[in-house]
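Asker: Sequences are here, hints too, so could you generate the full structure?
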Amino acid sequence: DTEVTQTPKHLVMGMTNKKSLKCEQHMGHRAMYWYKQKAKKPPELMFVYSYEKLSINESVPSRFSPECPNSSLLNLHLHALQPEDSALYLCASSQESNQETQYFGPGTRLLVL
Amino acid sequence: QKEVEQNSGPLSVPEGAIASLNCTYSDRGSQSFFWYRQYSGKSPELIMFIYSNGDKEDGRFTAQLNKASQYVSLLIRDSQPSDSATYLCAVNAGGFKTIFGAGTRLFVKA
Numbered sequence: 001d002t003e004v005t006q007t008p009k010h011l012v013m014g015m016t017n018k019k020s021l022k023c024e025q026h027m028g029h030r031a032m033y034w035y036k037q038k039a040k041k042p043p044e045l046m047f048v049y050s051y052e053k054l055s056i057n058e059s060v061p062s063r064f065s066p067e068c069p070n071s072s073l074l075n076l077h078l079h080a081l082q083p084e085d086s087a088l089y090l091c092a093s094s095q096e097s098n099q100e101t102q103y104f105g106p107g108t109r110l111l112v113l
Numbered sequence: 001q002k003e004v005e006q007n008s009g010p011l012s013v014p015e016g017a018i019a020s021l022n023c024t025y026s027d028r029g030s031q032s033f034f035w036y037r038q039y040s041g042k043s044p045e046l047i048m049f050i051y052s053n054g055d056k057e058d059g060r061f062t063a064q065l066n067k068a069s070q071y072v073s074l075l076i077r078d079s080q081p082s083d084s085a086t087y088l089c090a091v092n093a094g095g096f097k098t099i100f101g102a103g104t105r106l107f108v109k110a
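Just so you know, the protein sequences line up as chains S and Z, in that order. Per this note's numbering, the very first residue in the first sequence carries number 1; after that it's consecutive. Per this note's numbering, the very first residue in the second sequence carries number 1; after that it's consecutive.
Mixed in with the good hints there might be a few duds.
[Said to hold, decoys possible] Partial list, derived from the structure: chain Z residues whose beta carbon lies under 8 Å from chain S: (1) Ser43; (2) Pro44; (3) Leu65; (4) Ala102.
It is worth saying that the hints were derived from the structure and are not from the lab. C-beta atoms are modelled at their ideal positions from N, C-alpha and C, and glycine is treated no differently.
Answerer: Here it is as structure tokens:
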């Protein structure tokens, strides 16, 4: 089973709202990732967690706050977003983080008004 | 700056033909290479991965890697309209990061 789940599938929020994106995997993977993808662009890495510790923050603005409550769950807390943050947010996981195949969830389509 | 380059396309092939997708990468130390398929509005789906020089076949798909030329390709035999999608080449140069190319749009004409 190579399933990564994400909720919600779609999210519309105002610039003053606080919302969270959720990601879950039950493959025993120890690395989890958040990517942002704009239309007709490749996924851009935002954060990497390895063994529940934040390993990479790609200079993401603080209005995005990741959290890894346990090895199966990954959250992305959103606050005071801008319209340009509208994108497809993808979660991925891999067995380890070093050169392993990443499996993507279906994504959350976010629209910031 | 580590880069992965792909022709954006669109690459148009007739049904039943071979589609050839190409990718070059800049980091000579890269070790792992991936091809993902992405349908419009969907998330990337892993098609193939390859670590060693040469060819790797899986059904209608063949990945080819040439580390000396820093080149990786994906061949799709007997192309079907359902293969129409954007194909992302991804390269891991070690550690946590996988670098994605901008993708090649493939259109298979029925």
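Asker: Each hint needs a verdict: does it hold in this structure or not?
Answerer: For each hint, the structure was consulted:
no., hint, in the structure
1, Ser43, "4 Å, holds"
2, Pro44, "5 Å, holds"
3, Leu65, "14 Å, violated"
4, Ala102, "5 Å, holds"
Checked against the numbered hints above, the structure breaks only hint 3 and satisfies the rest.
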